[in-house]
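Asks: Given next are the chains, with one letter for each unit.
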Amino acid sequence: MSTFSQSAATAFDLVVSNDPVLWAIVARSLAVSASACLIACALGLLMGAWLGVARFVARAAVLAVLNALLAIPSVVVGLIVYLLLSRSGPLGFLGWLFSFKAMVLAQCVLVLPVVTALTRQSVEDAERAHGEQLRSLGAGTWLRAVLLAWDERYALLTVLLAAFGRAVSEVGAVMIVGGNIDGFTRVMTTAIALETSKGDLALAMALGLVLLAVVLLLNAAIALLRGWRERSEGAPAAGLLA
Amino acid sequence: MRFGALAALSDLSLRINAGERVALVGSNGSGKSTLLRLLHGLQPPTAGRLRAAAASRQAMLFQRPFMLRASARANVALGLWLAGVSWGLACRQAMQGLARVGLAEVGERSARTLSGGQQQRLALARAWVLAPEVMLLDEPTASLDPHAKREVEALMADFGAGDDGRPMTMIFASHNLGQVKRLASRVLYLERGRLLADLPVQDFFNAQRLQATAPAAHLFVKGELV
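Residue numbers (the working numbering), protein chains in the order written: chain P, 26 to 267; chain U, 2 to 227.
If you anchor each label on the Cβ, the simulated ranges turn out as follows:
id, chain 1, residue 1, chain 2, residue 2, range
1, U, 147, P, 63, 47 to 53 angstroms
2, U, 103, P, 98, 55 to 61 angstroms
3, U, 210, P, 89, 55 to 61 angstroms
4, U, 168, P, 167, 32 to 38 angstroms
5, P, 64, U, 30, 46 to 52 angstroms
6, U, 162, P, 253, 41 to 47 angstroms
7, U, 110, P, 244, 29 to 35 angstroms
8, U, 30, P, 154, 19 to 25 angstroms
9, U, 209, P, 166, 49 to 55 angstroms
10, U, 103, P, 89, 47 to 53 angstroms
11, U, 210, P, 167, 49 to 55 angstroms
12, P, 89, U, 201, 53 to 59 angstroms
Read the hints as simulated data drawn from the structure, not as lab findings.
Quantities reported herein were computed from a predicted structural model and do not represent experimental measurements.
Beta carbons are placed, not taken as given, at the ideal position from N, Cα and C, and that holds for glycine.
Please take these sequences and the hints and turn them into a complete structure.
Replies: Structure, rendered in structure tokens:
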């Protein structure tokens, strides 16, 4: 039997036998990413919606920086958060380094530009199409931002799922700020990296299978959401000439 | 009124009196929509002055009304809520508005699933509940089929005639000269941002008089009616 099939068989056993080590890592990983996404989405949705509607002098520069942040490597985010949280850093007094909170903060920083930029694009398109009508009803900048974001909620749900996918599958940032401490800050991606380097391919593959399943579920959720939205909205209104 | 180098409206001076039903006609790009947006305050004038009677309440309708992903009732209530009415009261008043335009039975349906004509009537209800003194309409029937067009036009005629005991000034842009003839009391003809004719409706549709006073408008009407 080849290494791959042997590892795959052992990995499958670990998954179906409810291996406590495996599921603890999975639970921690999901908790970190969900917490990070929750915080990033709360901030990113508001900032993105506002940026989609507001017009101010330095807007083009802000958008250029925001779009550049979309491509920031996760290890760079990890490094920045590490420097911030290290004992001599400005946030060192918090004592968060190599903790759950540090990993949440790092993933939050990683995901925030994604949520903000995609929300901004979605709301800006809606503002271009409908903002004038809301203005004619008396809605100011913040109200338009909130109303249009709410109106684009299905598109934004896809953004949130994409953000969670980005958070749960990254390895660099959590490795640097979490330290991959067994039973404490070890998450799926860092565990896969470690177990592979140690040669324990079965556990690495089991975690890989779960991670793959999570990403597949997210994509399925996005597809279902899109289908449901198309069905519920139906065809263009009858009686309206093209 | 300028957009960069383009003069969207120029040398325009006019006074619109309360209770008038003013139609804006002219080809695409003549400045009809810009004038409506200017009057509604959606665009500030780049030069000149705009004066409105104190505390005049306005509502504006667009060619394709924007409906939130919410019920028809919520969409009507939104206008009231944005005008400062509490949400509960706004919802109750919204039902009156829906009843006024014959949409009471679809109040709980998603606004986006309504037909084009129903959505435009919904927009009329949203405007009507605000009890506007001035209603501005930017080609409100342009993208509707003939049946929906008739329904919307009938409501516009009622509102313009002040049938609800609410005298209303109505200013609307239209390419439909039949509609202009049926609904307007005064016609403004615009061409390349300039006002070339400002006539009572009967004079505008009197070919000889129009040719004598505004030859460009006469050519436009002739072209439209051919």
